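From first to last, the protein sequence lines are chains G and Z. Sequential numbering from 1 applies to the first sequence in our numbering. Sequential numbering from 907 applies to the second sequence in our numbering.
In short, the hints are calculated from the structure, not lab data. Careful: at least some of the hints might be erroneous.
Said to hold, decoys possible - Sample of chain G residues with no beta-carbon within 10 Å of chain Z, all distances over it, derived:
1) G71
2) T82
3) L83
4) R93
5) W165
6) A229
7) W243
8) E271
9) A275
10) M286
11) G321
What the hints assert, rightly or not - Here are some, though not all, of the chain G residues that point toward chain Z, as calculated from beta-carbon distances under 10 Å:
12) W89
13) E239
14) L248
15) S278
16) V397
17) A400
18) V401
19) Y453
20) L590
Stated by the list, open to error - Ranges of calculated distance between the beta carbons of each label pair, as one might list FRET restraints:
21) Z:T919 / G:E219: 20 to 30 Å
22) G:S517 / Z:R922: 23 to 33 Å
23) Z:V945 / G:E650: 21 to 31 Å
24) Z:F963 / G:A33: 28 to 38 Å
25) G:W215 / Z:V945: 28 to 38 Å
Computed from a prediction, not measured in an experiment: that's the story for all the values here. Ideal Cβ placement from N, Cα and C applies to all residues, glycine included.
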Amino acid sequence: MTLNILIPAALAYVVFLFVIASIAENRAEALRARGLKPRFLRSPLVYTLSLSVYCTAWTFYGAVGYAARSGLEYLTIYFGPTLVFVGWWWLLRKLVRVGKAQRVTSIADLISSRYGKSNLVAVIVTLLAVAATTPYIALQLQSIALSFGAFAADQSLAPQQMALWVAVGLALFTILFGTRNLDANEQHHGVVTAIAVEAVVKLVALLAVGAWVVWGLAEGPADIMARIAAADREAWRIEPPRWMGLTLLAGVAVMTLPRMFQVMVVENADERHLATASWAFPLYLMAMSLFVLPIAVMGLELLPEGMNPDLFVLTLPHEQGQNALAMLAFLGGFSAATSMVIVASVALATMVSNHIVVPLWLRQRQAEARRDLGDMRLLVLNARRLSIGGILGLGYVYFAVSEGSRSLAAIGLIAFVGMAQVLPALIGALYWRGGSRIGAATGLVIGALVWLYTLFLPSLGAGVVFSATFLAEGPFGIGWLRPQALFGVEGMDPLLHTLFWSMMLNGLGFVTGSLVSFPGPMERVQSAQFVNVFDTDAANPESGARGWSSETAGDEVEDLLAMSQRVLGAAEAQSFFQREAARQGKGGYLPDPTPDFLDRLERELAGSVGAATSHAMIAQIVGGRVVTVDDLVAVASETAQIMEHSAQLEAKSEELARTARQLREVNEQMHKLSVQKDSFLSQISHELRTPMTSIRAFSEILMFEDVNGEEQVRYAQIIHDESIRLTRLLDDLLDLSVLESGRVTLDIQEASLGELIDRALRASNAVMPERQFTMHRSGTGEALRIRTDINRLTQVFINVLSNARKYCDAARPELRIVVHRRGRKVMVDFIDNGSGIPKQSQSLIFEKFARLSDTHKAGGAGLGLAICREIMQNLGGDIAYLPGQGGAAFRVSFAAELDAGNSKAA
Amino acid sequence: MKRPRPPLFVERTAYRRRRLMDGARVLPVVGFILVLLPVLWTRNDAHNTANEAVYLFCLWLVLVIVAFILSRPLRAALMREERGTERQPPAAAPTPAAPKDEAP
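Start from the sequences and build out the full structure, keeping to the hints where you can.
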């Protein structure tokens, strides 16, 4: 195969890409005109495939070379991203959410936006990105040049010339599709679609070569495994520090590399695509790495020694006479290289134009005419076109200077370490509100310098920037400043050496700088919006996280419209202003310049020119309305006050509810009392009426009938008995009312509790004297001397004992009296062995006129226990039914020494 | 500036969803530890490059499968969240022009 075939093939491939990209662009344009979103162009599949821009020529060619040299170590480069994507819920989700919320256009824009829309930080990140990506682009050019060279070693075309032409072609393609329009979200449908197609091409090519190697050259997987085992060598042993360090490094790189950030965050159309990419992208990486080791092993086995292992993918089929397969492999490698160069240069050009060219131009313009900005869109686009050319030019220069002498993997890793310097500032941006602009700038500068000094510049080779003696002995012979043995750390792998020192000093600088500096108002607004992006309240401008103060404004809206037209284009800007006016309830094109509106306008512009520039442009027009720390604190405390007010209101309403509940309870009680009183009156009338009736009846007999002496005596006896019953009832009622009203006078004496119980027992024996009770008396308190109203207490005991005698239904009745003392309280339990009182009646027995058996045998009106309870309450104690004692049981409790304060009466 | 706290206890499906998110967070950590495992192996006949490769690719496949299983419910959670936040901001007045955020 000669260049006569290769060059047309490559050109045809590029034409094919052109067609794909323009179809995608036109379709997106057509859909947009109809007000639709391009659904397929922005599907999770295309998103995942576009992420494969991670797999560059380094993967396609370099991985095999890497595997031939160092065994499985090449896998670390794919494990890092795999772990990051598998753990998307943690970091990527937040990164993408923030990126979309803030409309970031690049990683430099994200970092600058977070640290107070500081252009300084943006410039640092941009320069770092350019420095780190240059060798990476050189790597792609080198791989293309090498692949041409592999086919045509005898041809006259030198690799350098070849690379130059490739660079020019790529620059053209990128300028055509990467800077077609100045999008509000910085999205490029044509480029993304082309990248997705290229992802398929390189995957298919690598899988085809791999399958041919495994099933064509070798005899299937088992044979390959045996060959791998046979080819095993000392250099393939896993080196623990590198294994771990490279896995981490690759994980960091996948987030910070400008091109990855571009496809992952900026070109992301829907956050949910991440869910698909979380497993599909690792799967893609796995497929890409699957056949790398077999190809390397077969290459080592079959190809003559001294051939560049970086090209095994190409030379193996070529040498074996598989020309078609070699061509496919060539196109696969070509597509891997071109996709990286295109996306990386688009991403870098955006950064350069937004953070370096436009600010410079604005500053210059500001001096001339304050508000006449001219047409910015063309300026921005031209700046990007120039930047793309410049970046590719730089890549070419690096390739020319380093003479394509280094292995692909080594160059790629240098770029990884360079972009990894963004990590501390990035993590701080997302998770630490205390991270400040000064800290971020300090960390970035230190990290970048360490990287340049210890890795990038030495990588150019001795004699280019650093002389050989400089490398060996350090500047001015100071040994501990040697670039590759900083602070005396020798014998470490150079890459890990740089990774260790740069990340360490970078992180230290970031944290220290953040701790000692005081952030400006814009930084504090942005830190809240970034760190709390999932908290809808904080993202809500009402909570005080606003970049503009609400001072009353003059007539600057018109100026804002004029300025926006120059950035967004007339139609876009006008419709935005109209929407905003409608949102405020106004007609026309001029909304009030509220802080909300300014915030949204700023974000809209940021989608085109970056946060820092957009902020500066608006600030130029609205002047003194940039928010101050005092404003922020005032708004925050206002909000806090409102929260407090509402909390107080809530507490008050709770209190009201409580009061209402209490009132309702009292009301219910009153109602119950009234019912009770009525029933009490009717009960009393009934109780009074029964004896009265018999008295009247018998006295009438005595008056009107002729009764003999014997009968006369009997009737008089009945009248007498009934009147005694009446009197007793009235006495009880009187007693009860005195006790209830609390006007009772207590006759406090001292006595022994045991004697008191003896007395009560004797008195109660008169009730139903025919029943014989077995008595058990126990407890320690019988000897106790008590001071209380002895007569009243005895009355209670007698009542309880009489009840026991009357109602205990056991065949062999027993009664236990147990005395306890608990502190100042004395408790006397009276427990019989009868059937007790059923549960539902237990609460009733202390009510007036409550009688469980309606028989007359009780002989009382049912006031006994009610009186007992009143007495005990007057004595500062209580009487209660004690359930679960195997019979009826009453507990009388009272204070051993009654003083005036204890009684209810006092 | 805190709004009413989120509920301390949630019902069964929400609880499942949260544990799922925990799982998604634990997965990369477990994955990293397992990726580092070959570092600890001593090299002999049983542990050569071929066997290490088999182990690593199997691990890779397992990670992909677990991520696939987790991705569906997590995606549903994202959608739910989106719907939840859509209700939050005050409804904008009817807009005469095309809606904002339209992909160009």
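Evaluated hints:
1. G71: Violated, since 5 Å does not exceed 10 Å.
2. T82: violated, 6 Å
3. L83: violated, 4 Å
4. R93: violated, 8 Å
5. W165: Holds, because the least Cβ-Cβ distance between W165 of chain G and chain Z comes to about 33 Å, which exceeds 10 Å.
6. A229: Non-interface label on A229 of chain G violated, nearest chain Z Cβ at 4 Å vs cutoff 10 Å.
7. W243: For W243 of chain G, whose nearest Cβ neighbour in chain Z is about 5 Å away, the distance does not exceed 10 Å, so it is violated.
8. E271: violated, 6 Å
9. A275: Given that some Cβ of chain Z is not farther than 10 Å from that of A275 of chain G, nearest at about 4 Å, it is violated.
10. M286: violated, 5 Å
11. G321: holds, 28 Å
12. W89: At 4 Å from the nearest chain Z Cβ, W89 of chain G passes the 10 Å test, so the hint holds.
13. E239: holds, 8 Å
14. L248: At about 9 Å, which falls below the 10 Å cut-off, the nearest Cβ of chain Z leaves the hint on L248 of chain G intact, so it holds.
15. S278: holds, 5 Å
16. V397: violated, 35 Å
17. A400: A400 of chain G check fails; min Cβ-Cβ to chain Z is 37 Å, beyond 10 Å.
18. V401: Given a least distance of 36 Å, the restraint on V401 of chain G is violated.
19. Y453: Given a least distance of 30 Å, the restraint on Y453 of chain G is violated.
20. L590: violated, 15 Å
21. Z:T919 / G:E219: 20 to 30 Å: The hint (20 to 30 Å, Cβ to Cβ) is violated, given that T919 of chain Z and E219 of chain G are roughly 53 Å apart.
22. G:S517 / Z:R922: 23 to 33 Å: violated, 44 Å
23. Z:V945 / G:E650: 21 to 31 Å: Roughly 58 Å apart at Cβ, these two residues miss the hinted range, so it is violated.
24. Z:F963 / G:A33: 28 to 38 Å: With Cβ atoms ~47 Å apart, the hint is violated.
25. G:W215 / Z:V945: 28 to 38 Å: holds, 32 Å
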